[in-house]
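Asks: Take the given structure of chain A and dock chain B to it, following the hints.
The residues making up each chain are set out below.
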Amino acid sequence: MGVGSFFTSKLDEAIGWARKYSIFQYPFVTACCGMEYMATACSHYDIDRFGAGLPRFSPRQADVLFVVGTISHKMAPVLKRVYDQMTEPKWVVAFGVCTCTGGFYDNYATVQGIDTIIPVDVYIPGCPPRPESVIDGLMKLQEKIAAGAQRF
Amino acid sequence: MEGGAILAELQARFGAAVVETHGHRGDHTAVVTREALIEVLGHCRDDARLAFDVLMDLTAVDVSRLPGREDGPRFEVVYHLASLRHNHRLRLKVRVSEDHPVVPTAVPLWPIADWLEREVWDMFGVRFEGHPDLRRLLLYEEFVGHPLRKDYPVNRRQPLIGPRI
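From first to last, the protein sequence lines stand for chains A and B.
Oh and the first sequence: position 18 is 79 in our numbering, straight run, nothing missing.
Oh and the second sequence: position 145 is 190 in our numbering, straight run, nothing missing.
I should point out that these hints are in silico values taken from the structure, not numbers from a laboratory.
Backbone N, C-alpha and C fix where the C-beta goes; we use that ideal spot for every residue, glycine too.
Each hint should be verified, as a subset may be incorrect.
To be verified - Here are some of the chain B residues that sit facing chain A, going by a computed Cβ distance under 7 Å: (1) Gly-48; (2) Tyr-185; (3) Ile-206; (4) Pro-208.
If we strip away everything but chain B, and leave its shape as in the complex, we get:
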């Protein structure tokens, strides 16, 4: 399916749960509400015409320093979906606030989401509800803070960790 048609299909099916859509040079994006996220993701995976069988990437953006977005929800969790069967792609976003940075997990839909969500937790401190094992992925347990948050000082040094016995 063409990207615009996918967005129209999602809007027709989920109505107000699709907050915003846009397409830019062939890349199409839909922003959905947190409540509808798993339903929308599940539909994208299971619907025969969409058939997004690959979760290409799951990441997040801290928009707290983005001009014009300083006052809105702080984080955007981004899902990049691709379909091998139909050769089309879609980007889904969900916005979460700083006070309650929680998103339902996508691990039951795509097992690869396990490590991707752990990385997002590691770097941004966004929690994933229902994740089987939400630990840090790249950094170590003694690390304090989440370094890709825009308010993490670029020159903050963490204490060195010693050898584990």
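Only chain A is shown next, with the shape it has when bound in the complex:
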């Protein structure tokens, strides 16, 4: 920058840009969707291109909670506990129809959508969703992260 020029970007946008490319996710994998999550995370589809290549297996180090697979009533308190342990800012992705709505498990054991327990930012439908859908959801989440107000 020369003399007399201005740095015009807003600080929020700079932080949002940085945050959307440094997603540390916590994969909460309970069912078959996990296979598709692994396919997405591995080299062929490679979510590292989107800055989401480092799964943290501790909720305290994670920014995004990937809920991958059916959540039963018995598992619900565990999921709630994991969400509560994550530090702000945090986002939640519902991966697959079981987490979105309960899917075809219309029965006594299954939670009918994880949004009855925790707030959800992005829903990725599919049984299981193809990696393309997952990446699409991830990019939507990135847009959301970048566009949102940044608290810090």
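Replies: Structure of chain B alone, referenced to chain A:
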């Protein structure tokens, strides 16, 4: 032993305690009374010619919606036995009514019956007399009812349970 011979042996030994027998495509079943159940199971395990050393499965059936069986005893508790020594199998059933759904426990005979009986209690509400620790196995303590009973509404939702402290 061949399945039919096992049934004949049980009938000869226990007489009227064996209520009913049948064989279908090599699978043989005996229905026994509740009073004689433990005796029959013990004999099946300990007799050298039977030697049913494995309790493959212990489950139950709610027959209250089964055509022709609506008025009879509501539950059937089913024991699947297998013998590794003789390579033969047998299915034993005991019928219990809705008013008094109690069966003596098989835990002293096969320790695996512990969890299997807890599952049957969990899903059907059949109690096992003498069981060391009859708690729910798959569901949680706050759950009301027994979901595999035919009168449990398929779309009933239980309240969500919160994290335990």
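Asks: Which hints from the list above does the structure break, by number from lowest to highest?
Replies: The structure breaks only hint 1.
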